[in-house]
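Chemist: Add chain X to chain L, keeping to what the hints say.
Top line first, the protein sequences correspond to chains L and X.
Quick note: the first sequence, position 85, residue 85 per my numbering, numbers continuous.
To convert, count from 1 in the second sequence and add 508; that's my numbering.
Hint data in this document are derived by calculation from the structure and do not stem from the laboratory.
Predicted model only: the values in this text are computed from it and were never measured.
Accuracy of the hints is not assured; some may be wrong.
As the list claims (entries may be wrong) - Restraint ranges, calculated between C-beta atoms of paired labels, are given here: (1) D595/X - D14/L: 26 to 32 angstroms; (2) K336/L - A789/X: 38 to 44 angstroms; (3) A704/X - R67/L: 55 to 61 angstroms; (4) G317/L - P957/X: 28 to 34 angstroms.
To be verified - Computed list of chain X residues with no C-beta within reach of chain L, every gap over 12 angstroms: (5) R731; (6) Y920; (7) P957.
Glycine is no exception: its CB is placed at the ideal position from the N, C-alpha and C atoms.
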Amino acid sequence: MSAEARWFTAAADDELTIYERSKPGRRAFTAPELDVPERPLDELLPAALRRADPPRLPEVSEPEIVRHFNRLSKRNFDLDTGFYPLGSCTMKHNPKLHERVAALPGHAKLHPLQDPSQAQGALELMWRLQEALGEIAGLPHVSLQPSAGSHGELAGVLLTRAFHEDRGETRTKVLTPDTAHGTNPATVTMAGYEVVKVGTDASGNVDLDDLRAKANEDVACLMLTNPSTVGLFETGIEEISKIVHGVGATLYYDGANLNAIMGICRPGDMGFDIVHFNLHKSFTQPHGGGGPGAGPIAVSDRIEPFLPLPQVVRRDGAPGNGAHGPYYDLDYDRPKSIGRLRGFQGNYGVFVRSYAYIRSLGAAGLREVSEVAVLNANYLLARLRREGVAEYLPAAFDRLCMHEFVLSGAPMKRELQIKTLDLAKRLLDHGVHPPTVYFPLIVDEALLIEPTETETKETLDHFAEVVAGILREAQADPEVARGAPYTTPVRRLDEAAAARRPVVRQPL
Amino acid sequence: MSRYTSVTNADLQEMLAEIGLDSVEALFADIPDRLRLNEPLALGGGRAEQEVYEELRGLAGANVSTEDEISFLGAGMYDHYIPALVDSILQRSEFLTPYTPYQPEISQGGLQAMFEYQTAISELTGLAVSNASVYEGPSAVGAAGYVAKLENGRRRFVVSEGVHPHSRQTLATMAHGWDVEVIEAGLADGRTELPALDDDVSAVIVQQPNFFGVVEDLEPIARAAHAAGALLIATCDPLPLALLKTPGECGADIAVGEGQSLGNRLDFGGPSFGFFAATDALLRRVPGRIAGETRDVDGRRGFVLTLQTREQHIRRERATSNICTAQALNALGGVIYLSWLGQAGIVDLVTLMLQRTAYARERLSRVEGVSLLHEQPVVREFAVRLEAPADRVAARCREQGINPGYPLGRDYPELADCLLIAITEQRTRTQIDRLADALGAAVAAERHPAGVSA
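With the rest of the complex left out, here is chain L:
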């Protein structure tokens, strides 16, 4: 067993649930005093509308709640503790300043329906963030509203639909590369289009001949990630743009991989019409174990009229007070808008963090982020080669990568009898989060590795050595990796049984 995995300090046994800790009569909450005349419940809420029994919530005291959730926390691996080279997820450092500023009462306790005249700081922050994101994307108009990347994608495809409908056109298909994130095809269906897959050529680029064959007047849009999900820059992006625009379709940019190109090149300059950002990736919103995130979109002039409601705008002067300085407002007067995608104005708490990040780094800092992200990825790829890893885990595409790269575990599986999954599970024993596995789908036994810019050279060296060590270990005895992990709070879990007979709540 590795001596290195010691994150899990209170982890050995089954952990009781909060319900199993419950005991009738215990409580943490004390209600404020009833300071009004008490009226009979039946008078206020007739019995026919009331539930017979209260919801069975846990009965626990404050110390028990704190201990319970702290114990649970120790059964989680996290980014503040260890390396997290999870491809396409951009698990980079989340600056602590951001938590402090987001918690300021002026931000955290601002009601979303506060009159705009009394929310000028929030609206100004949103307007400035829109401007900054527009500059980074190279597209002039931004809506911050979508709640996450997939929500931004939905916004983008619905904008595409509105754009075509406004021109009196009915189009039925959306193209996605066969390397696309699952959210792309799922979004296409949810927006009422049919998915048409475009192939990838031997060098990892979109197959231009296949694209030409499938691009026609039925196509509404091509959704593309650049760098692609195999971590490569689409060298033919200008030609792709020409083909797509040539048939009157829009070009959509999935911003999951924006971390590679900030300040270096811009989707707008490549010909993209619509871009979504993942503020929980490149712009440091902590991932929270599965959200929250935010998925703002930036668009070109021709898409702008259709942006969601409301838009944050800057006007000259407040209503009724003449032209005294800028006034920030919510604009609902947008007759061609696709409408709302959610309540209120978006995930403002995320905007505060991402704005703080952009201000902290500035233009030069953001460019350095991408330079180091790409440097780290290429270094790690080279370093793995030096460790002799390539024999069992060759790079799927023999090119310079961008901020991430794909290895294929197929030779490893064949020669060493361990699968990519086994390697991933064995990494857990070394205190390293595994890369993204079995994605992209076009690479057999894929590992997608994204080190990010916030990791040191020493961390990358260590990772390369650990992977090489696991392969050596497998040469001697593949059973070790096949049985891994050993040092985690639980070991391999029976996912098939969980799906066959789902238990999704505690029987009470």
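Modeler: Showing chain X alone in chain L's frame:
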């Protein structure tokens, strides 16, 4: 070197040598020259941490928060007290900084918390299945509509006018893509009045309590929906469900809602979380992540993300939703808050709001120029009609440090003289009395000229 990277010059030389290149520039050789930026982005320079802090503090100071005034704003998000232990636990890096728990062996804390959350949501809604969260309230209504469309393929939703305007608008935006028509059902004395339903109706959608605070009688609505072969979707405010007959008990097939009032900050509208619960029959159509219990190879109990074949990363274009990143940390805040309230506490809290709201209703109805819009039962929110334009009255009250509520004219032009008032447990009798005085004075000052009707 920027603040969050750590490549020294020596590192850089070694790393480039290992790669076999002589410059960072060369790493980007695949990007055509024409596309390279030749000048810095127009974002200005970086700033020191304390400078950024000061800037963000300045922006915060330009807002009037619920700490700066006595706020009766609600209409979807509420100024509830958040106990210190929620903030404390959510700031633990083990909850704040992990990714989605795709590697369950090192994610048991988050997965178990999801399972506990799902259990609590099932209890509140009276439905067998809860997912681990969706984005927020209004888009949860859209997600529920999509499930109904997948379930029965019909082409019309009937949505009550008592459903939050943002939810109705969001549903309309999404349904346009599915070619499903959205029809509105009107209100009679504040409660939903269903039109006759035919077999084109996919789902009936109502809110509980509705946007005006009125408690709907869900059971006859459920019967009518089911008689037409449609689903009933109830979008619910979770706290009042401590007292109300559950949507499940009333016959709802899906209950969704905005989770902010469960231990989440106002944050000018987000991030919070949406909850999504459904009957067992709809389990395999539920969107997003679901935690499930299982065993490990040594027989220990553990939790995993289950039924993943519903989801986009497996099922792709045939997924039940495109949702990926949702609101795990916010939902965790929700289950911590519900544990803090506990079984007895949640009833105490909601009963207190019910009593204070009853007091406020009675007190305000005695103010000259103020009357109740409806007489129906409410829990913590109600609407009043003023003998003056509500937005002008509200502006006058705010000048005195009292935000009297949400003027309804923006969403319901015929109610431009109406105000929606929320009474959380943070609003005391003294504050309610001050509201009554402020409202009376403001209405008197803004009163419609004699003979001109509202």
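Chemist: Take the hints in turn and mark each one as holding or not.
Modeler: The hints, checked one at a time:
no., hint, result
1, D595/X - D14/L: 26 to 32 angstroms, "holds (28 angstroms)"
2, K336/L - A789/X: 38 to 44 angstroms, "holds (40 angstroms)"
3, A704/X - R67/L: 55 to 61 angstroms, "holds (56 angstroms)"
4, G317/L - P957/X: 28 to 34 angstroms, "holds (29 angstroms)"
5, R731, "holds (14 angstroms)"
6, Y920, "holds (14 angstroms)"
7, P957, "holds (21 angstroms)"
The structure meets every hint from the earlier list without exception.
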